[in-house]
Amino acid sequence: MLPSPRRDGADGSRRGVSAPLSRRATLAAAGVALVTATAGCSDVFDDDSGDSDDENDEDALVAKTPSETPLLAHLDVAQIAGDDAEAELEALVAADPGDVDGAMTAFAARTGLDPLEADELLVFGEADADADADANSDADNGDLADDILVRGGWETADVVDSLEAQTGITYEETTYLDEAVLYEPSESGPVDVTLDTTLGDESEDDTPDDATTVEPAVLGVLEDDAFVVGSESVVEAVLDVEYDGADAVSGFVRDAYGRARGAQLTVASESVGTIVPEQYRMLIDDDPFEDAEAIGRSYAVTDAGIALEVGLHAADEDEAADLEADLEGTYVPILADVNDAFDEARDDLEIDRDGTVVELRYEGDSEAVFALLDEV
1 MLPSPRRDGA DGSRRGVSAP LSRRATLAAA GVALVTATAG CSDVFDDDSG
51 DSDDENDEDA LVAKTPSETP LLAHLDVAQI AGDDAEAELE ALVAADPGDV
101 DGAMTAFAAR TGLDPLEADE LLVFGEADAD ADADANSDAD NGDLADDILV
151 RGGWETADVV DSLEAQTGIT YEETTYLDEA VLYEPSESGP VDVTLDTTLG
201 DESEDDTPDD ATTVEPAVLG VLEDDAFVVG SESVVEAVLD VEYDGADAVS
251 GFVRDAYGRA RGAQLTVASE SVGTIVPEQY RMLIDDDPFE DAEAIGRSYA
301 VTDAGIALEV GLHAADEDEA ADLEADLEGT YVPILADVND AFDEARDDLE
351 IDRDGTVVEL RYEGDSEAVF ALLDEV
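First residue of the sequence shown: 1, per the UniProt record's numbering; consecutive thereafter.
Bear in mind the hints are in silico, worked out from the structure with no lab data behind them. All values derive from a computational prediction rather than experimental measurement. Where hints are given, some of them may not hold.
Just the calculated beta-carbon pair ranges, DEER-fashion [what the hints assert, rightly or not]:
#, residue 1, residue 2, range
1, Glu179, Gly329, 52 to 62 Å
2, Ala165, Ala78, 19 to 29 Å
3, Asp59, Val338, 37 to 47 Å
4, Glu344, Arg281, 21 to 31 Å
5, Glu179, Glu328, 45 to 55 Å
6, Pro333, Ser233, 39 to 49 Å
7, Glu278, Ala165, 39 to 49 Å
8, Glu290, Ser250, 16 to 26 Å
9, Asp343, Glu173, 53 to 63 Å
10, Asn339, Glu317, 48 to 58 Å
11, Glu173, Asp354, 41 to 51 Å
12, Glu350, Leu283, 44 to 54 Å
13, Glu317, Val338, 26 to 36 Å
Every residue, glycine too, gets a C-beta built ideally from N, C-alpha and C.
Based on the sequences and whatever the hints tell you, model everything.
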């Protein structure tokens, strides 16, 4: 089901299996990938190449996600691979409004695989508006339970080997829907694991590893060189979509994702309330924000810094018009008055409306993007 293994590295090691993980780079990727998980969809770029292989691959992964999924966060690892990968990750994380406990770290902790060796990763599940900014907060309670779809160059046997090496638990193959596609840990309960915190620099080989606790993941093997790791119920729900024709994600979240796809990072989710920061709610009527059905962001590294697009999806055009008016007439001017960095970026910020979607676009210095997202 999964592709043949990647070629061995120069040192003879098997690439992608229990590879040294740069936790900083991982958090950079994931920090953007779950940016305040209240984030949702966006149209980062006007991309007319709807038939491109990259977009078809991206659609294929989303098409495996169960219905009623409120959050999709896609990282196109292949787009950021290369000589400048770390620089691009750092540029992306500069746009993150805070230190986010990333899904990529959870993936690495639970599987022992390096997420940056994948082609693409799709985090899906519940959006948490109150995600703890402390990267170690979940390590204390074992709550690293992100469900992730992955497409990459690992054989099934290699993934199972890495799961067993990481957790110290034997995995057993189980037939599901008449397919030998489900692998479950032989023991339940949290296990202690370590995360490599080096940056891939030999000078930092002595950096202590971070210890954390994880719940052993269940593995589901999919078509299209993909697999899913997560809780048993979620993995089985994905297998139901893949092998039994169950409904995949649809509605506002899926539509929002479809408009946003094609960027290095794409996030789409249901709205979980107003995006107006608490300190400004006395100044701004935030009802239109609360009426948004989905909120989203997409990011890409460009020569100018970061290209950001935010999409606010309303139920109808009247609500979208109210939202656009509030953004242009009240929200942006107030933020410009209280935040100098935002004020400097204001002239480069575009706001317009396309039917029921209000769009904000910005391309420029990543620090200005940080200031913008810190308020949005």
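Among all the numbered hints in the text so far, which are the ones the structure does not match? As far as the earlier hints go, 10 and 12 are violated by this structure, in ascending order.
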